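One line per chain: the protein sequences are A and B, in this order. Counting from 1, one number per residue, gives the positions in the first sequence under our numbering. Counting from 1, one number per residue, gives the positions in the second sequence under our numbering.
Worth flagging that the hints you see were computed from the coordinates, not collected in a lab. Nothing here was measured: the structure is a model prediction, and the numbers come from that model. Glycine included, each C-beta is placed from N, C-alpha and C at the ideal position. Fair warning: there could be bad hints in the mix.
With the C-beta cut set under 10 Å, the calculated list includes, among others, these residues of chain B facing chain A [stated by the list, open to error]:
hint, residue
1, 2
2, 5
3, 18
4, 75
5, 77
6, 81
7, 86
8, 92
9, 151
10, 153
11, 154
12, 156
13, 157
14, 199
15, 201
16, 204
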Amino acid sequence: MIRARGIEKRYGRRRVLDGVDLGVPAGGFALVTGPNGSGKTTLLRILVGLAAPTRGALLVDVDRARLGYLAHEPLVYRELTALENLDLFGRLYRVPERRERIGMLLERFGLWDARSDRVSLFSRGMAQRLALCRALLHDPDLLVLDEPYAALDEQGASLLDHELAALAGERTFVVSTHDPTRLDRLATGRLALR
Amino acid sequence: MTYLGDVAALTRKDLRVELRARDTLPAMLLFVLSTLVVFHFALPGGTGDDAAYGLLWVAIVFTALLGLARAWVPEQEHGVLDGLVLAPCDRSAIWLGKTLATLAFLVAAQAVALPAFVLFFAPLDSTALAGVLLADIGICAVGSLMAAMAAAGRSRELLLPLLVLPLAIPLIVGGVGAAISPEGERYLLFLLLYDGVFAVLSWASFEYVVTE
Chain A
1 MIRARGIEKR YGRRRVLDGV DLGVPAGGFA LVTGPNGSGK TTLLRILVGL AAPTRGALLV
61 DVDRARLGYL AHEPLVYREL TALENLDLFG RLYRVPERRE RIGMLLERFG LWDARSDRVS
121 LFSRGMAQRL ALCRALLHDP DLLVLDEPYA ALDEQGASLL DHELAALAGE RTFVVSTHDP
181 TRLDRLATGR LALR
Chain B
1 MTYLGDVAAL TRKDLRVELR ARDTLPAMLL FVLSTLVVFH FALPGGTGDD AAYGLLWVAI
61 VFTALLGLAR AWVPEQEHGV LDGLVLAPCD RSAIWLGKTL ATLAFLVAAQ AVALPAFVLF
121 FAPLDSTALA GVLLADIGIC AVGSLMAAMA AAGRSRELLL PLLVLPLAIP LIVGGVGAAI
181 SPEGERYLLF LLLYDGVFAV LSWASFEYVV TE
């Protein structure tokens with residue numbers, strides 16, 4: 001599903017990625033690890049099409065509509081409620097029976113009671129849970145997750161463990177993390193950036 | 001219908017965000033009214049109506065700039081623009097939704113400012129009002145695109161006026177001409193042409209502004 005060869009990314013004279021190779025088959029689970037500043041986020045942004053590589057060949061064999069992306073930031077409006085945010089993105093992603101799907105995801109991630117609260121009132125962990133709902137809303141084939149455990153408490157982290165375990169094998173994953181031990185059992189491939 | 005549905009959803013979202021945050025419209029209203037008050041006292045007595053129409057356009061353009069500077073702030077918070085760009089909808093719908101919302105704020109500000117102008121300065125006939133509306137459309141269409149470009153840069157407060165003001169000059173010429181010329185209708189046609197050309201250019205080029 002993903003084939004990247006010799007990916008290089010420069011910002012001015014600064015080289016962020018230098019000759020990165022990555023292959024992820026359909027149903028694969030690739031773990032991207034590395035210290036801060038190693039280029040994990042940049043690589044993930046290139047994979048989803050938000051940034052262009054300076055050099056190298058990249059093939060991501062999935063339609064934009066079938067791609068789910070969890071970024072460092074939650075990618076939701078602060079002044080809208082959880083429900084309004086998911087309804088907007090559900091409409092833009094043409095999610096069938098979106099109200100039912102939104103309700104199910106909010107329940108699953110423990111946000112149902114806060115569904116009518118503005119995101120500006122959410123804690124960082126709640127915003128991360130909502131971001132996960134947004135990324136999963138359209139039941140994507142390829143999930144690109146940038147530090148998905150960031151800001152999650154233990155309960156949120158085990159909810160995510162459960163969700164990833166249920167989808168692993170059925171969906172394709174590229175996940176960046178500081179803590180690879182948590183996802184080691186699901187991983188089918190690893191890329192360590194330096 | 002899907003495209004228009006996306007545009008309507010995005011416009012509604014902007015209006016809802018503004019209704020709650022109240023970041024843009026109150027600032028625009030306060031600015032345009034205080035500018036008119038300052039002009040009222042600054043303009044020497046006996047100055048003709050033509051000078052007043054010119055000052056009205058100064059107030060309109062800078063009020064629009066104020067609204068445009070805030071236009072993409074909700075998308076910059078929490079990186080929402082990335083989420084919108086990744087959605088499978090036509091990316092020009094994002095621009096059109098933003099243009100319509102900004103236009104709504106500008107028209108709302110003018111609904112208060114224009115009666116104040118009539119009270120302080122000079123009457124406005126239907127040709128002048130049509131000129132204001134057509135110029136509003138042009139400013140918001142071009143301005144939303146330029147504001148998206150400026151938002152991607154580091155010094156957007158400086159960049160936005162530098163990008164928008166040169167493009168707004170034909171709109172000011174058309175708007176003032178519609179108000180003071182005996183052949184005001186010709187200026188309206190000019191504004192209509194400007195709106196058509198620049199709306200199509202902005203609509204077509206938005207995708208290249210928000211993707212790398």
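- Message: Are any of the numbered hints broken by this structure? If so, which, sorted upward?
- Response: Result: hints 8, 9, 10, 11, 12, 13, 14, 15 and 16 break, sorted rising.
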